[in-house]
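> Order-wise, the sequence lines are chains A and B. Per my numbering, the very first residue in the first sequence carries number 1; after that it's consecutive. Per my numbering, the very first residue in the second sequence carries number 1; after that it's consecutive.
Keep in mind that the hints were calculated from the coordinates and are not lab data. Take the hints with a grain of salt, since some may be wrong.
What the hints assert, rightly or not - So the derived list for chain B, only partly shown, Cβ under 8 Å to chain A, looks like this:
hint: 1; residue: S153
hint: 2; residue: I157
hint: 3; residue: G181
What the hints assert, rightly or not - Capping the alpha-carbon separation at 20 Å, the derived lysine to aspartate or glutamate pairs in EDC-like fashion look like this:
hint: 4; chain 1: B; residue 1: K3; chain 2: A; residue 2: D382
hint: 5; chain 1: B; residue 1: K112; chain 2: B; residue 2: D273
hint: 6; chain 1: B; residue 1: K2; chain 2: A; residue 2: D409
Just so it is clear, CB atoms sit at the ideal spot from N, CA and C, and this is done for glycine as well.
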Amino acid sequence: MIFNSLHFLIFLPAVIFLYFSISYRWRWVLLLTASYYFYMCWKAEYAFLIVLSTSIDYFCGLQMSKHADKKKRKPWMIMSIVMNLSILFLFKYFNFFNDTTRALFDSVNIFYNVPDFRLLLPVGLSFYTFQAISYTVDVYNGTAKAEKHFGFFATFVSYWPQLVAGPIQRKEHFLPQLKQNFDFDYQRVKEGLIRILYGFFKKVVIADRLAIFVREVYNHPGDHGGFAIILATWLFAIQVYCDFSGYCDIALGSAKIMGHNLKDNFKTPYFSKSIREFWERWHITLTVWVRDYLYIPLGGSKVSFPRMLFNNWFTLTVMGFWHGANWTFIMFGFVHGFFIVMSRIWDRYFPKLNLPTLMPNAKWFTNIVLMFWIFNLTCIPDIFFCSRNIQETGVIMQSIFTHPDTTHDLIFNSSPSGATPSIIEFCLSLLFIAVLLYTDYKLYTTKDVPIEKSVSAKPLYRRWGFYVVIALLVAWFAVTTNSAFIYFQF
Amino acid sequence: MKKLFLRFGLLVLIILVISQIALMTMPFSWGNIRLNTKYETYIDNHEQYNTLFIGASTTYRHINCHQFDSLVNAQRPDMQIRSFNFGIPANRTPQSVYMLGNLVDYDKSNLKYVVIDLSELTKMGADNLHKKEMIYWYNYDNILGVMKASYESEKSIGKKFSVPALHAFSFAEKSFMIGMGPALVQQHAGMNLEMRSLGPNGDGFYSLDQEMIDDPDGDLAQRYNELRTQDTIDYRTQRCQFLYDKYNNSKNNPNKTIQKNLEDIIAFCDENDIKVVIMLSQRLGDRYEYLIPLYNKLPEENKIGFQNPSEYPMFNQRENLFDLAHLNAPGSTLFTEIFAEKFLERIDMQNGVSPLVKDTIDTDTTRSTPEDKSL
């Protein structure tokens with residue numbers, strides 16, 4: 001089931017109605033059932049993987065809780081991690097490694113014939129696996145207590161709003177909320193609905209509309225060139241932001257209605273003034289996960305400068321690989337890692353050459369220049385992210401300089417799903433991006449107060465103005481093709 | 001919770017009202033670019049036209065207005081026929097009723113003759129949801145009739161409920177203009193026009209051959225090449241004949257709602273002093289089960305039928321076909337010629353003149369025009 005479907009528009013009110021109709025003691029049963037139903041609507045058999053992952057982690061957690069000594073807990077932690085990563089490897093990475101090995105053997109004329117594993121990648125596998133691993137490691141480290149109640153634990157792993165694409169939650173933050181009694185609260189439910197509405201605006205009005213132009217370029221590498229590719233890459237950067245943050249808004253809004261406060265994933269990332277700030281504002285729960293479970297165990301920043309640079313670069317490359325088993329994602333992370341390394345070197349050796357230091361009296365100007373610079377910098381790895389394979393990335397990058405400019409074709413002759421002329425969709429896209437920029441700017445200037453809080457604090461006429469305008473935009477300008485969220489594939 | 005429902009309801013009501021106001025700013029034809037082009041052209045020159053053809057692609061591609069006018073006027077100069085072709089692909093009978101109502105509402109003073117192409121109900125499946133071409137014509141007057149007709153028309157219990165439900169859902173989508181914002185902008189930006197679809201004479205007739213010449217990169221060339229093998233044409237003809245023979249009897253009952261629709265059209269035209277003829281084109285045989293009983297219930301003077309392949313073999317000959325469902329330019333010339341003749345007969349019948357004593361139009365003695373068995 002995807003959020004932007006009629007199915008979900010029936011599912012959500014039904015679950016919420018039942019949720020507030022039953023005693024809080026039994027709500028976990030409802031949430032667990034709803035979560036598995038939500039997941040099984042996609043492919044019922046793969047629910048088995050969640051059951052398996054949940055059972056292993058529950059069992060290992062219980063075993064670890066019996067021992068105070070870390071040494072005795074360690075085997076259980078290793079077992080849990082190995083099992084989780086094995087499932088992840090088998091379904092997500094096996095074919096990639098197999099193909100790479102085959103290519104390597106072929107290059108030296110050695111026969112290699114291990115067949116590929118032809119199974120669909122389970123939706124949300126990377127997300128719930130990471131969530132499960134964080135639980136095990138936290139229990140091992142003693143920062144979280146093992147959950148004794150299997151039902152609550154299973155609900156924690158499979159909680160439907162964040163099951164398929166996060167935000168990745170930590171046990172100590174989220175699981176206790178499942179045991180609390182949340183009564184129906186008008187203000188809270190209203191805020192949840194505002195967040196959902198805004199999420200739909202980002203997804204079905206902006207992201208799905210921009211996809212028309214992004215697809216046109218990235219699905220036909222070699223057919224476009226010049227500024228058209230730069231434009232499509234800018235649009236992709238906004239598309240992926242609206243797509244993923246739109247998903248998170250719907251997830252957070254749905255959870256909020258039920259009283260659950262999930263960790264947020266985005267804080268106006270395109271207003272970042274450095275690449276490090278960008279990663280503090282983009283896919284926050286994954287960044288924090290990687291920081292806590294990979295970067296810090298590697299030594300973090302409490303090591304020599306070169307080692308710290310390596311840790312940064314390695315962590316981001318792994319994070320890129322987490323997205324998918326493809327060289328494009330590895331390169332996505334690698335390039336981001338390279339930028340982080342360069343920014344750290346620059347800050348260390350050329351601190352006086354930073355723009356704000358050079359122009360201390362032109363804060364507005366330097367902020368805008370830096371934001372635009374960082375936005376463009378993050379667009380470079382996005383070329384890898386958006387391409388289907390590394391060869392196509394090469395063609396696309398080359399076409400920027402060698403192919404005649406096709407911007408006019410892109411704007412006027414792309415193929416919208418309906419019969420609307422491409423130029424109208426393009427103008428609408430620009431208009432909606434302006435709305436997004438305005439809203440994000442407002443959030444940015446209010447230190448990233450969530451939109452639902454910000455709107456709720458407004459006077460009545462402005463509040464209702466927001467409801468009516470956003471609801472109208474969602475109703476009238478939704479792209480109704482029910483396209484899946486980009487991050488569902490991870 | 002009551003407070004939430006009330007406020008949510010208020011928001012929905014506001015959106016509905018604004019959407020309805022926006023819809024009022026659009027012409028009735030907004031959802032179909034070809035229809036909209038034809039309508040805009042028609043309202044600019046409506047004083048000139050006294051005859052309208054309303055229907056699907058079988059009207060759009062087969063009735064050459066220019067030729068029709070010449071043929072009829074040569075025979076009956078007093079009629080001063082000047083026709084306009086409002087045929088659009090995939091148009092259905094309830095849509096024709098909607099179009100006719102709107103065209104008459106716009107200006108009925110010149111209108112004397114209307115020809116409506118009989119076609120099946122909209123094939124409403126989930127894949128047709130959200131498409132403006134499918135839903136622009138729903139309104140409070142016709143939606144219940146469409147749902148009722150679908151209920152009567154569908155065979156399986158599941159579809160008896162699911163198809164009307166899809167129509168109802170689409171009606172709600174139209175009411176709230178779900179996803180229709182770009183169409184609104186397109187309409188008001190003056191970009192909801194495709195002048196080519198008016199055809200070379202600007203009267204709404206556009207043969208498929210001509211369109212293939214005008215748009216060589218379109219999918220028509222593929223259709224033309226793939227579907228015109230003799231074996232396929234023979235199979236098509238046999239199937240069509242089989243289905244015609246099977247359903248052309250009194251055992252099959254027509255869809256009561258659509259039958260009532262057609263009777264209402266005839267009565268409506270009578271009231272407005274418009275002569276109406278309902279035409280049934282030759283089909284692939286699909287939905288003959290539904291169309292032939294309807295056709296058979298119509299009064300003789302109000303109908304012209306081409307549904308029987310053995311009666312009109314020329315429309316199954318390779319040299320007259322563009323694809324399996326449509327005639328090419330020579331085929332449409334032949335069709336228009338025969339149609340004009342039949343049209344005059346029906347108008348005479350409506351005027352109380354016996355068709356047996358009138359002169360017939362026969363400009364081409366070599367064609368194999370059959371005897372009209374109804375006479």
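> Given the hint that K3/B pairs with D382/A, test it: the Cα-Cα distance must not exceed 20 Å.
Outside the cut-off at roughly 45 Å; violated.
> So, as I understand it, the hint says I157/B touches chain A; can you test that by seeing if any CB pair is closer than 8 Å?
Nearest chain A Cβ about 22 Å off; hint violated.
> Hint check: is the beta carbon of S153/B less than 8 Å from a beta carbon of chain A?
Check failed: Cβ of S153/B comes no nearer than 24 Å to chain A, outside 8 Å.
> Hint G181/B vs chain A: min CB-CB distance below 8 Å?
With a minimum Cβ separation of about 3 Å from chain A (threshold 8 Å), the hint on G181/B holds.
> Between the alpha carbons of K112/B and D273/B, is the straight-line distance 20 Å or under?
holds (7 Å)
> Need the status of pair K2/B, D409/A: alpha-carbon distance at most 20 Å?
violated (52 Å)
Hint check: violations occur at hints 1, 2, 4, 6; the rest are consistent with the structure.
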